[in-house]
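Asker: So the sequences go chain by chain: A and B.
Residue numbering for the first sequence follows my numbering, beginning at 9 and increasing consecutively.
Residue numbering for the second sequence follows my numbering, beginning at 78 and increasing consecutively.
Read the hints as simulated data drawn from the structure, not as lab findings.
The C-beta atom is built at its ideal place from N, Cα and C for all residues, glycine as well.
Incorrect hints may have been included.
To be verified - With the C-beta cut set under 7 Å, the calculated list includes, among others, these residues of chain A facing chain B:
#, residue
1, 213
2, 625
3, 626
Chain residues, written in single-letter form:
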Amino acid sequence: MKRTLSRRQFIRASAATAAGGMLLSFHIPALARATSFEPYADGHAEINAWLTIGSDDVITIRVAQSEMGQGVMTALPMIVAEELEADFRNVRAEYADANRSIRHGRVYQRMMTAGSGAVRLSRPYLQQAGAEARERLVKAAAERWNVSPAECYADYGKIYHRPTRRSINYGAIAADAAKVSVANVAIKSPEAFNLLGLPTRRLDVPAKVDGSAMFSMDVRVPGMRYAAVVHCPVLGGGLRSYRFNAIRNRPGVRQAIRLDNGVAIVADTFWQAKTAADLLPVDWNIGDAGKTFSDRILREFVSQLDQEGSVVVDEGRAVALMDDTEKTIESDYTAPYLSHACMEPLNCTVHVQTGRVDVWAGVQDPEATLNEVAKITGMAPADVYIHNCMLGGGFGRRSNIDFVREAVLIAMEVDVPVQMIWTREEDSRQGAYRPMTAIRFKAGFDLDKNLITYTNHSITPSILEQINPAATASGIDRSSVEGLANMPYAVANKRITHSIRNTHLTSWFWRSVGNSQNAYAMECFVDEMATAAGMDPLAFRRKHLADRPDMLNVLDVLEQKAEWRQAMPAGSAKGLAIHECYGTICAQVAEVTVSEEGDLSVDRIVSVVDCGNLVNPMTAEMQIESGVIFGLTAALYGKLTVENGRILETNFDTYRMVTMNEAPIMETHFALSGGDKWGGLGEPSTPPVAPAICNALYRIIGRRIRSLPIKDYYLRRA
Amino acid sequence: MARLRINGEVHEVDVDPSTPLLWVLRDNLNLTGTKYACGINQCGACTVMMNGHAVRSCVTSASEAEGFEITTIEGLSPDRSHPLQQAWIEEDVPQCGYCQSGQLMAAAALLRQKARPTDEEIDRAMTNVCRCGTYQRIRKAIHKAANKVNG
């Protein structure tokens, strides 16, 4: 971490750039050399693109995923270190360089951090990288001792020669190891793991307790200025005119830059820029979206649930049978637009020079960012350097690089480095939101209350269509039907349909994406079906999950850990939900109390998780807790209101967050099925929270919560 | 101009006295450990101590801060040795970490007033927002630090 994040080095590096010289620190062209395996800076030998080893035995492992709190800067180095047989106390982490990756055949492979995929998708090649480095060290030691590599082995930071019991530290042989080559290296079998699965402290924590962790807003480049931006308050609207003369003489103000949908004010400090921008007279071209209201959009969605949608799943005779069954139930569920509300408002620092662009940002995909910046500036991708920082929250928002694009456009008009910061209010208004949704369920039961047929139609603005219109040619956005299309419950006749209805707001990936709203609706409706079937919610789920032993196992553990059958005092109840996404099953029981005055408290949430295998149980548990609080905030308070096209909730006073006094006791248990399954952990604990709470509330208030957030309901004990 | 005593050092800063202390720290003094997140006294990411009390620096002007002993996260200890920093490390509290400077400063102010706060006292004092949801670990770490200090 030291190498990556030291502020002193950052400033030193930047100073070198400003002087036109070579950068001397991390992610810099001097290090991203044309050929691999040369000595690394400061006496570190680069064993392969993923790691260096210093003569002091310090191992620096490159992380090609973004650290936004989920612990990749620890989990991914653990995967490499396991195969490397490293002493993890000597391991440091730094970001892999996107510039090098695009120049060297995408050596760092997947640099996009999304879909709970860091471990799930990069584990195999990280294991290979660690194993490859280990075998190089073995071979180099054997050559030095003039013995056969077969007689040597690696263990805990040393290479040993078995017959003579000689040993050598990695640091002493690293320079040689960088020069040898090995082929057909095998990775360890899971029984041989001695690091993966051990609770391991995070490598990024020390820098996060003394203020030294480098977030992009903390970047300080000599000579830099700051930009504040005012945007058209209605998304899709544009700038008509502004009067810079009204503010140009304010202290520190340097220039105004015209954007399509706003104006950037550049000043010596951010406060000078922001206060000037607040006073700037601006005339907007609001456009048609200025007449929209979220309540009206939602009503339209619900009314359109009657219409036919595109068919996602059609098995058996679902619709025909619905008329023949003894009993049917039908329910509509809705969920609102939501903000990511990352703690660190979006910001980006850019320095455009002749022949190169440097971008300091916290992004979920530095490689895509690099290519986009190249496109905007007309530079060759090889001349673009993305200095990814710690992300002050991501949750999907920082996979949309609208803010980087804007910062680059601003910086192209400024002859010094410039840091653009969106205020919380601008960040909220320029959001890329979890889309609103309306979902209708119908279920038909026979005389014996067996579930016979099931239909479901959802209406959602499309995320994928905005990225690639061809992705939704079938009329279905796959991300919008996650959790509905692949519902785990067995029913012989089912028909699942979907319709896309876009609005003027940008819809985007929000922690767990479609699963977030769909699991809420689905798992609440499963409780409704259980009631219709006259069954306990747990028993009903078990009956329809008979061919899912993994889910049954998770439910078994949850029943026990959450004391599902325990009687609860008046005004309190337990609710259940289970959902699978990103290769991981997460089931939860929420314990909820409604006071006689109608005040709600969520007292305890027990999560049982099957992600197959664990890399770091410590960060895994933290991710489950994190997802629970994220889901809880959304369930209790999350709602964006649009009036006249404008988002009303633009700061934490109106877009409320759960705070410590409202946080439930959280208990996390792992029911691991092992095997080849390495499921994701960043998202799967968010979807079950809302339905678990709503299902508990039903037992207290006798009403179903069919729209979120819960704060909109008047709660009264039944 | 403002004359500010921060982490034991006096700084003469050439700013409009109405500038929030937060931005003086960040932009004029490069003390970037103190974070901007809401700007309206809602989240506590900008919390610093003034004469040992937790103060939200986003709504405290430079002129209001004059004459106080201001402590930022950079001044909590020279080497992460403050019992809270130690407890934060031992309990692996931070996730994204962005709110944690403010959380630590709020907790440090709490421990100055209450050597051994109860859960309720912690809940009342710790109103800072953490979007990553580290609350359970923060509470545990505060108890741990309190126990460490008081044996």
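Asker: Of all the hints given earlier, name the ones this structure violates by number, lowest first.
Answerer: 2
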